[in-house]
Amino acid sequence: MQIYDIESLDQEGRGIARRDGKAIFIEGALTGEVVTANVFRKKPSFENANVATILRASSQRVTPRCVNFGNCGGCSLQHLEPRAQVAAKQRVLEDNLWHIGKVRAGHLLPPIHGPSWGYRRRARMTARYVVKKGGSLIGFHEKKSSFVADMQSCEVLPLSISKLLPPLRELVGKLAIRERMPQIEIACGDAADVLVFRVLEPPTEADKVLLKSFAEAHGVHVYLQPKGPETAHPFWPAAPADLYYTLPEFGIKMPFFPTEFTQVNHEVNRVLVHRALALLAPQPGERIADMFCGIGNFSLPIARSGAQVLGIEGSASLVKRAAENAAFNGLQANTRYQGMNLFEITSESYAALCETGERGSFSRMLIDPPRDGAMALVKALAAAPPERIVYVSCNPATLARDAEVLVHGQGYTLTAAGVVNMFPHTAHVESIAVFDR
Numbered sequence: 003m004q005i006y007d008i009e010s011l012d013q014e015g016r017g018i019a020r021r022d023g024k025a026i027f028i029e030g031a032l033t034g035e036v037v038t039a040n041v042f043r044k045k046p047s048f049e050n051a052n053v054a055t056i057l058r059a060s061s062q063r064v065t066p067r068c069v070n071f072g073n074c075g076g077c078s079l080q081h082l083e084p085r086a087q088v089a090a091k092q093r094v095l096e097d098n099l100w101h102i103g104k105v106r107a108g109h110l111l112p113p114i115h116g117p118s119w120g121y122r123r124r125a126r127m128t129a130r131y132v133v134k135k136g137g138s139l140i141g142f143h144e145k146k147s148s149f150v151a152d153m154q155s156c157e158v159l160p161l162s163i164s165k166l167l168p169p170l171r172e173l174v175g176k177l178a179i180r181e182r183m184p185q186i187e188i189a190c191g192d193a194a195d196v197l198v199f200r201v202l203e204p205p206t207e208a209d210k211v212l213l214k215s216f217a218e219a220h221g222v223h224v225y226l227q228p229k230g231p232e233t234a235h236p237f238w239p240a241a242p243a244d245l246y247y248t249l250p251e252f253g254i255k256m257p258f259f260p261t262e263f264t265q266v267n268h269e270v271n272r273v274l275v276h277r278a279l280a281l282l283a284p285q286p287g288e289r290i291a292d293m294f295c296g297i298g299n300f301s302l303p304i305a306r307s308g309a310q311v312l313g314i315e316g317s318a319s320l321v322k323r324a325a326e327n328a329a330f331n332g333l334q335a336n337t338r339y340q341g342m343n344l345f346e347i348t349s350e351s352y353a354a355l356c357e358t359g360e361r362g363s364f365s366r367m368l369i370d371p372p373r374d375g376a377m378a379l380v381k382a383l384a385a386a387p388p389e390r391i392v393y394v395s396c397n398p399a400t401l402a403r404d405a406e407v408l409v410h411g412q413g414y415t416l417t418a419a420g421v422v423n424m425f426p427h428t429a430h431v432e433s434i435a436v437f438d439r
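Heads up, the sequence shown is in the numbering used here, so the first residue is 3 and it goes up one at a time.
Because the hints were derived from the structure by calculation, they are not lab data. Some hints could be false.
[What the hints assert, rightly or not] With a cut-off of at most 20 angstroms between alpha-carbon atoms, the simulated SDA-like pairs for lysine to any residue come out as follows: (1) 146 to 240; (2) 322 to 246; (3) 214 to 239; (4) 214 to 162; (5) 145 to 40; (6) 145 to 430; (7) 146 to 69; (8) 45 to 21; (9) 176 to 154; (10) 210 to 240.
Sequences are here, hints too, so could you generate the full structure?
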């Protein structure tokens with residue numbers, strides 16, 4: 003069996019070794035370790051392997067806290083000390099910026115991090131009735147598999163939700179539609195917890211009794227979703243849940259619908275919003291754009307500063323929600339929201355946005371795109387470039403790609419960048435970057 007020296011970690015948290023010009027990606031290995039490994043995939047330029055024996059362990063290796071580690075595909079870095087996880091993500095961000103975007107940040111921002119456990123306020127769990135397993139399974143998928151992990155608990159979910167997994171399994175196993183209920187979505191707010199059951203056929207009367215009893219016994223709201231996310235509706239209690247999160251620094255309360263996108267880590271989100279606003283430095287009366295604005299997570303704090311904010315979002319339902327949240331927080335005079343597909347924006351349509359305001363073009367802009375990034379938008383900015391851009395990213399590769407356009411094509415400087423540890427114990431890298439002209 004081959005012996006490998008681990009040089010670094012890749013973006014999926016795998017150890018990287020090199021042999022005969024090949025990169026060997028070894029799951030379960032950490033930087034600085036010496037290991038043996040079982041190769042399960044060979045290609046001309048790389049190989050994939052699982053660690054077999056650790057001959058020399060890293061000083062940053064820790065015992066995984068979760069009993070599901072190694073089987074569940076939800077977390078891949080629990081064997082690495084949390085501060086080392088953040089450092090590894092910082093290196094991933096820097097490597098992507100340089101190797102993809104050919105840019106380096108003027109300085110690195112301090113990492114944003116928060117609780118390592120019980121942080122995940124949103125989750126989508128698979129429900130599956132498996133006769134060979136003796137009943138229903140509720141959990142995340144197994145690593146690199148469509149099978150459902152056999153989970154009795156989850157360390158990254160809030161404790162109150164983790165404790166629900168065994169009774170949830172029992173509940174689903176009793177339902178007549180158990181084989182027509184593929185998913186349970188979890189949405190936790192500051193004052194209510196919601197479970198959204200995806201139902202491919204209506205529950206029977208006996209099922210309704212069981213669902214109602216479960217909701218009452220565990221103090222949760224049960225919603226049913228017969229089709230797309232917009233069809234989710236309260237089942238029990240019959241009234242909608244009082245689902246919201248707060249941004250206390252800005253005096254903002256943010257209601258949201260259970261299937262709407264919100265950040266999974268409320269504590270880290272508060273720090274992220276604080277950092278973004280400090281970097282953006284909005285001034286009263288300025289005209290600022292919030293691109294991919296969602297339900298108003300950044301635009302409402304910006305509006306609280308006295309700036310005039312235009313929020314742009316591709317989802318009509320999120321545009322409506324953002325406008326409602328602005329009114330709820332008394333910020334409708336400082337905000338305007340508009341629907342637009344930012345993946346298809348052009349220089350002409352961007353210029354038209356700039357012309358709709360009394361003050362003309364935007365002085366500053368916040369961009370918070372999904373994983374695909376904002377290539378069309380950053381190209382369109384040439385029509386009227388803002389002085390400063392704060393870019394919040396959930397994919398370092400597309401951030402780096404867009405940074406290349408901004409720096410080498412639009413004349414911006416990458417002033418600063420840093421990681422946001424929104425998903426501890428996973429290889430997922432979120433970040434924030436500042437571009438100045």
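Hint by hint, here is what the structure shows:
Between residue 146 and residue 240 the CA atoms are separated by roughly 39 angstroms; this puts the pair beyond 20 angstroms, and the hint is violated. Distance hint between residue 322 and residue 246 is fulfilled; the C-alpha atoms sit about 16 angstroms from each other, no more than 20 angstroms. Restraint check: the Cα-Cα separation between residue 214 and residue 239 comes to about 8 angstroms, which is no more than 20 angstroms; the hinted pair holds. About 18 angstroms separates the Cα atoms of residue 214 and residue 162, which keeps this hinted pair within 20 angstroms; it holds.
For the proposed pair residue 145 and residue 40, the alpha carbon gap of about 17 angstroms is at most 20 angstroms, so the pair holds. A threshold of 20 angstroms between alpha carbons decides the hint, and for residue 145 with residue 430 the separation of about 15 angstroms falls inside it, so the pair holds. Among the hinted pairs, residue 146 with residue 69 is consistent with the structure: their alpha-carbon atoms are about 18 angstroms apart, no more than 20 angstroms. Using a Cα cut-off of 20 angstroms, the hinted pair residue 45 and residue 21 holds, with the two alpha carbons roughly 13 angstroms apart.
Of the pairs offered as hints, the one joining residue 176 and residue 154 holds, with about 17 angstroms between alpha carbons and a cut-off of 20 angstroms not exceeded. A distance of roughly 12 angstroms separates the Cα atoms of residue 210 and residue 240; the hinted pair therefore holds under the 20 angstroms criterion.
Checked against the numbered hints listed earlier, the structure breaks hint 1 alone; every other hint is satisfied.
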